[in-house]
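**Q** For the sequence shown, the working numbering gives the first residue as 1, with consecutive numbering after it.
Mixed in with the good hints there might be a few duds.
The calculated lysine-lysine pairs, modelled on DSBU-like cross-linking and capped at a C-alpha distance of 30 Å, are [claimed, not checked]:
#1 Lys378 with Lys363
#2 Lys117 with Lys89
#3 Lys378 with Lys340
#4 Lys203 with Lys213
#5 Lys401 with Lys414
#6 Lys96 with Lys17
#7 Lys363 with Lys401
#8 Lys363 with Lys391
#9 Lys89 with Lys118
#10 Lys69 with Lys118
#11 Lys399 with Lys430
#12 Lys414 with Lys453
#13 Lys453 with Lys391
The set of hints was computed from the structure by calculation and includes no laboratory data. Source: prediction; values computed, not measured.
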Amino acid sequence: MSLICPLDFRYGRDEMKAVFSEGSRTQFQMDVEAALARAHAAVGNIPGEAAEEISRVANLDAVSLERIKEIEAETRHDTMALVRAMTEKCRGDAGKYVHFGATSNDIVDTATALQIKKALGIISGGVDGFILTLARLALREKSTLEVGRTHAQFAIPITFGFKIAGYVAEMLRHRERIAEVSRRAFAGKMAGAVGTGAALGDKFFEVQDFVMKDLGLYPEPAATQVVGRDRYTELICLLANIATSLERYATEVRNLQRSEIGEASEPFDESKQVGSSTMAQKRNPMMSENVSGLARIVRSMVVPTFENQVLWHERDLSNSGAERFTLPHAFVLLDDMLHKMDWVFSGLEVHREAMLRNIESSKGLIMAESLMIRMTEKGIGRQEAHEIVRKASMEAVAKDKHLRDVLVGMPEFKGLMTEGEILDAVDPAKYTGGSEEIVDRVVAEAERALGRKVRP
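Could you build all of it, start to finish, from the sequences and the hints given here?
**A** Rendered as C-alpha cells:
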C-alpha cells in the first residue's frame, strides 16, 4: 500500500499516533459499548450476565478489525459493522443487547472524548517538560546581556534569560488553558437519536451518568444527536494557540541564528549532520523552520472546526469526514512540535560574545533612553531631554560616532553630567531593569505549577 499522508512516514511520535490509530479508535468505541451494557445491567434493563459477556468481547482480540471491515463493506455503516461484529462473538443471547438504546454518535462521540482525554494528557506532559526546559535555560542565562529589539531594530538592553522567561510565562498560561478546557472537552453522550434519551427508557439519565462515570467523562447536558461541537472548536483553537506560541519561539531562534546576528543557534552534530547538499558550510535552523511550517497546518484546522459546529437541525453528517482529519492532525502535529522545540531549547547554543559584540556595534545608541532618564534627574524636562538625545542620536548615526561623544559636544548638554555619570549611564549592564528578578519570579511560578524544583 502506498503511503500518502506525511503523518504515516515523516511526522509525529508513535505514542500520540497510537491514540488516533484505527485500532485504538475501534477499541475506544468497544469500551463505550461495554460501558453502556454495564449501565443497563446496573439499572436493571438487561441481565448482568449479558453485560459481562458484552464486556468480555469488547476488545480487538475477540473482535478483529478485518471482520468489522468485511461487514462495513456490506452495510456501508461503520458503527453497525462494529455492533454486528461484537454481536457475532457474544455467547448465548447477550448479543441482542449490544448497542441497546444507543445511536451511532453516542458511541462515536463518547469514544472521541476518550481519545481527546488521552491525547490532551500527552500534550499536557509535553507542555510541562518544555516549561522545565525553558525555565532552566532562563535561569542559566538570566544575567546574559543581549540587545532588545523592536521593529527588528535595536531598542534597549535586556538579558537573554529575560527573553526566555517570557516564553515560560506564556507556556504556563497554556498549561492553565489545558486544565480549563478539559472539563468541556472530555464530554460524551448516551442520549439516543436526537438527545432525548427516549430509546434508553425511564432510566435514561441513570444510564448516561453511569456510562460517563464508568469511563471518566462528563455527560453532555443537552445533546442533539451529537456532543456540542463548540467543545471541539475551543479545543482546536487551544491547540492552534499553543502551536502558534511554538512558532513564535522557533522564529526567534531562526532570526538569532541569522549570519549577521549570530546570537544563538540550534544544536548541530558537526561530526555527521549536513546543512546543505551543496553549501558544505551551512548550519541551518531546520528544526525551527520545520516547527514554523507545521504550526501553519495546525492553525489550518481551526476554520473547518468552526464550520463543523454548524449542523442542520439535530445534526447532519457534514462534520464527520472533516473531523477525521482535524482532531488527529492537530494533536499529532502539536505533540511533534512540542518535542522538537524541547530538543532545540535543551541544546540551544547561546553565543554570549556575539551578543556583546552586537551591543557594542550600536555605539551607545541603545542607551539613549538611559541618558534621557539621567538628564531628567538633573532637572531637565522629559520632552526637552528626549529632543536633545534624539538630535544627538541622529548625528551619531550620520557621522558614525558614539552617542556619548556626540552628546558631550552639544552646548545644551554641557555641564549636565560628569564623565563618570555619563559612563555609568551608557553601561548596558546597569540598564536591564528588573530582568533578573523577573526571571526569578517566573521560574518560581513554574516551580509552583509543576510541583518540582527547577533550580539546581
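**Q** Now tell me if each hint is right for this structure.
**A** Against the structure, the hints:
{"no.": "1", "hint": "Lys378 with Lys363", "result": "24 Å, holds"}
{"no.": "2", "hint": "Lys117 with Lys89", "result": "29 Å, holds"}
{"no.": "3", "hint": "Lys378 with Lys340", "result": "51 Å, violated"}
{"no.": "4", "hint": "Lys203 with Lys213", "result": "15 Å, holds"}
{"no.": "5", "hint": "Lys401 with Lys414", "result": "18 Å, holds"}
{"no.": "6", "hint": "Lys96 with Lys17", "result": "34 Å, violated"}
{"no.": "7", "hint": "Lys363 with Lys401", "result": "7 Å, holds"}
{"no.": "8", "hint": "Lys363 with Lys391", "result": "15 Å, holds"}
{"no.": "9", "hint": "Lys89 with Lys118", "result": "28 Å, holds"}
{"no.": "10", "hint": "Lys69 with Lys118", "result": "25 Å, holds"}
{"no.": "11", "hint": "Lys399 with Lys430", "result": "26 Å, holds"}
{"no.": "12", "hint": "Lys414 with Lys453", "result": "52 Å, violated"}
{"no.": "13", "hint": "Lys453 with Lys391", "result": "49 Å, violated"}
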